[in-house]
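Q: For reference, the chains in residue letters:
Protein chains: 2
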Amino acid sequence: MTDLPRIGWIGLGIMGERMLRHLAAAGHPIGVYARRPGVTDAFPEATVAATPAALAAWSDVVITIVGEPADVEQVMLGPDGVLAGARPGSLVIDCTTSSPALAARIADAAAAIGVDAVDAPVSGGPAGAERASLSVMIGGTDTAVARAMPILSRLGTTIVHHGPPGAGQSAKIANQIVVGLSMLGLTEAFLFAEASGLDPERVLETLGAGIAGSDLLRVMWPKVAAGDLEPGFRVEHLIKDLGLALDAGHAATITMPGTALTRELYHAVRAAGHAGRGTQALITAYDRPADRAVGTEP
Amino acid sequence: MTDLPRIGWIGLGIMGERMLRHLAAAGHPIGVYARRPGVTDAFPEATVAATPAALAAWSDVVITIVGEPADVEQVMLGPDGVLAGARPGSLVIDCTTSSPALAARIADAAAAIGVDAVDAPVSGGPAGAERASLSVMIGGTDTAVARAMPILSRLGTTIVHHGPPGAGQSAKIANQIVVGLSMLGLTEAFLFAEASGLDPERVLETLGAGIAGSDLLRVMWPKVAAGDLEPGFRVEHLIKDLGLALDAGHAATITMPGTALTRELYHAVRAAGHAGRGTQALITAYDRPADRAVGTEP
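Chains as they are written, first to last, in this note's numbering: chain H, 1 to 298; chain C, 1 to 298.
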């Protein structure tokens, strides 16, 4: 027996499974819902629910981390969705990177039935999820966030409340803009260094030591140099995030040409069949001198 | 009396003066040439030459750090230039961020008269110059670089030989591509965060803790938030560097749309009168919601 809140979890992907593991280990009673059969086998101790609504009826706290905003909308607001079953006084937390406007809409719908809601997208990747060292960006009322904190603090180390519902999503999107444009910069720098006949390792030594240095550069540059396109963080997810940035930006009457260009180039990467590769696959959107060495120039 | 080589210096700007100070303090006999009168007063102990050629005739080693590639060309290859006066067996080092092709041309011209030449652009800014902690990117023959090393090691801490003449310039340009695109990313992320009503300090806390974090972000984000456009590193210099990137890239048959877009936006900053501001002035190229709050929308 435990006094810890019952956690209902939706989204057992590469991130979700690692995150839920920490809450189960902490002693929370665990419930799960999954569309695909077999996925819940990883948590034999969990109560399995047939619908998100049924899971919510069992839960004190429902946490979701699914794919696209459309999935979030269906899981939260659909006919068998979380809010169709959630008990008054319960709490819902969406950790998906999703639309700020949708997060605000969910919070409104939740408030109307006496449920607290926070948006709490995360960054740090599978390694951060595994080590419970995620960065968590929260939007919600002070009351809702105070309730979510003890749970989220089991998943991450940098946990910042950014403002009202949707503000967590906005902060995550700002993060992804930096990531996307940083990938563009390191990709074009790599391309230039390669075309100039430089040794990638020495260039990294130079760049890493100065103001151009970053963890992203130190992680991604060697992968680009080695032709290692394994994810990490997938092209299709960054395309989604940059699309959220542009949509929310347009709604706020700002334009971001760098973000738009980056998304467009990632669309070229996806069109070439690399949607499931890591974001370092951006280099495949460019013609490279190595290709031209066997080319057809007269 | 000293056995240390005589250093002839051309370029006593914000970087050059700080760099030369270390060599003077180490005991090198110092000579200077400057176009503008009075500039050399900062080094009363120095031998003052009337032309670059005359300076080179006095010097064992000539070091240049001037503005644009056109300045480098004139100072090195012009009628009264360094190579018109340099003694066989002497060494010339260009620390300007300049064209890789020009660096190769200078090295060829130098070799023809028995002079060694290296390109050795630096990064780290005035603070790095002051602390002798610059990152130095070198191109040149092994012989020339071995001769330059004892001198350059008094100016910087990360000193990497990237390849033949021009390779130092290529590495520096790769560095500037990363810097330029990183500025674009943090600028659009800031704009997005601002339009979303987020607190810039909290967003920096979140971004700085994860894979989006970098020294550049930590230095520049607070300046953008405070509207502090003081240089640092000037808009006009980054425009030059990104132009070098595109020119050298085109010569190597690569295209870099992100670099081109970034340069174009910096041209807009320059057109608005901000050429002498710091690179964080990129935000002035964008319409901001704060401007629109007092706007004319019906």
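Everything labelled a hint here was simulated from the structure, so no lab data went into it. The structure displayed is predicted, hence computed values, not measured ones. Just so you know, not all the hints are guaranteed correct.
If chains are identical, the list can't say which one is meant, so a pair holds when it fits in one copy or spans any two.
[Unchecked claim] As a list, the in silico SDA-like pairs of lysine to any residue whose alpha-carbon atoms are at most 25 Å apart:
1. Lys223 - Ala275
2. Lys223 - Ala25
3. Lys240 - Pro257
4. Lys223 - Ala252
5. Lys240 - Arg202
6. Lys240 - Glu205
7. Lys223 - Ala101
8. Lys223 - Arg288
9. Lys240 - Ala251
10. Lys223 - Thr255
11. Lys240 - Leu261
12. Lys223 - Ala109
13. Lys240 - Glu17
14. Lys223 - Ala209
15. Lys223 - Gly208
Q: For every hint, state whether the structure bears it out.
A: Quick rundown of the hints versus the structure:
In this assembly of identical chains, the alpha carbons of lysine 223 and alanine 275 lie at most 25 Å apart only when taken from the same copy (17 Å versus 37 Å across copies). Proximity of lysine 223 and alanine 25 under a CA criterion of 25 Å is satisfied in neither setting, with 34 Å inside one chain copy and 43 Å between copies. In this homomeric assembly, lysine 240 and proline 257 come within 25 Å of each other (Cα to Cα) both inside a single copy, at 16 Å, and across copies, at 21 Å. In this assembly of identical chains, the alpha carbons of lysine 223 and alanine 252 lie at most 25 Å apart only when taken from different copies (23 Å versus 36 Å within one copy).
Proximity of lysine 240 and arginine 202 under a CA criterion of 25 Å is satisfied inter-copy only: 24 Å between copies versus 34 Å inside one chain copy. Taking the shortest alpha-carbon separations for lysine 240 and glutamate 205, only the inter-copy value of 24 Å comes in at or below 25 Å, while the best intra-copy value is 33 Å. In the homo-oligomer, the alpha carbons of lysine 223 and alanine 101 never lie at most 25 Å apart, since the shortest distance is 36 Å inside one protomer and 29 Å across protomers. Only within a single protomer do lysine 223 and arginine 288 lie at most 25 Å apart by alpha-carbon distance; the minimum there is 16 Å, versus 37 Å between protomers.
In this assembly of identical chains, lysine 240 and alanine 251 lie within 25 Å of each other by CA distance solely inside one copy; the values are 16 Å within and 35 Å between copies. Taking the shortest Cα distances, lysine 223 and threonine 255 sit within 25 Å of each other only across copies (21 Å), while inside one copy they are farther apart (32 Å). Taking the shortest Cα distances, lysine 240 and leucine 261 sit within 25 Å of each other both inside one copy (14 Å) and across copies (22 Å). In this homomeric assembly, lysine 223 and alanine 109 never come within 25 Å of each other (Cα to Cα): the closest approach is 44 Å inside a single copy and 39 Å across copies.
In this assembly of identical chains, lysine 240 and glutamate 17 lie within 25 Å of each other by CA distance solely inside one copy; the values are 21 Å within and 49 Å between copies. For the identical chains of this complex, lysine 223 and alanine 209 are neighbours both inside a copy (18 Å) and across copies (22 Å), given an alpha-carbon limit of 25 Å. In the homo-oligomer, the alpha carbons of lysine 223 and glycine 208 lie at most 25 Å apart both inside one protomer (15 Å) and across protomers (23 Å), since each shortest distance falls under that limit.
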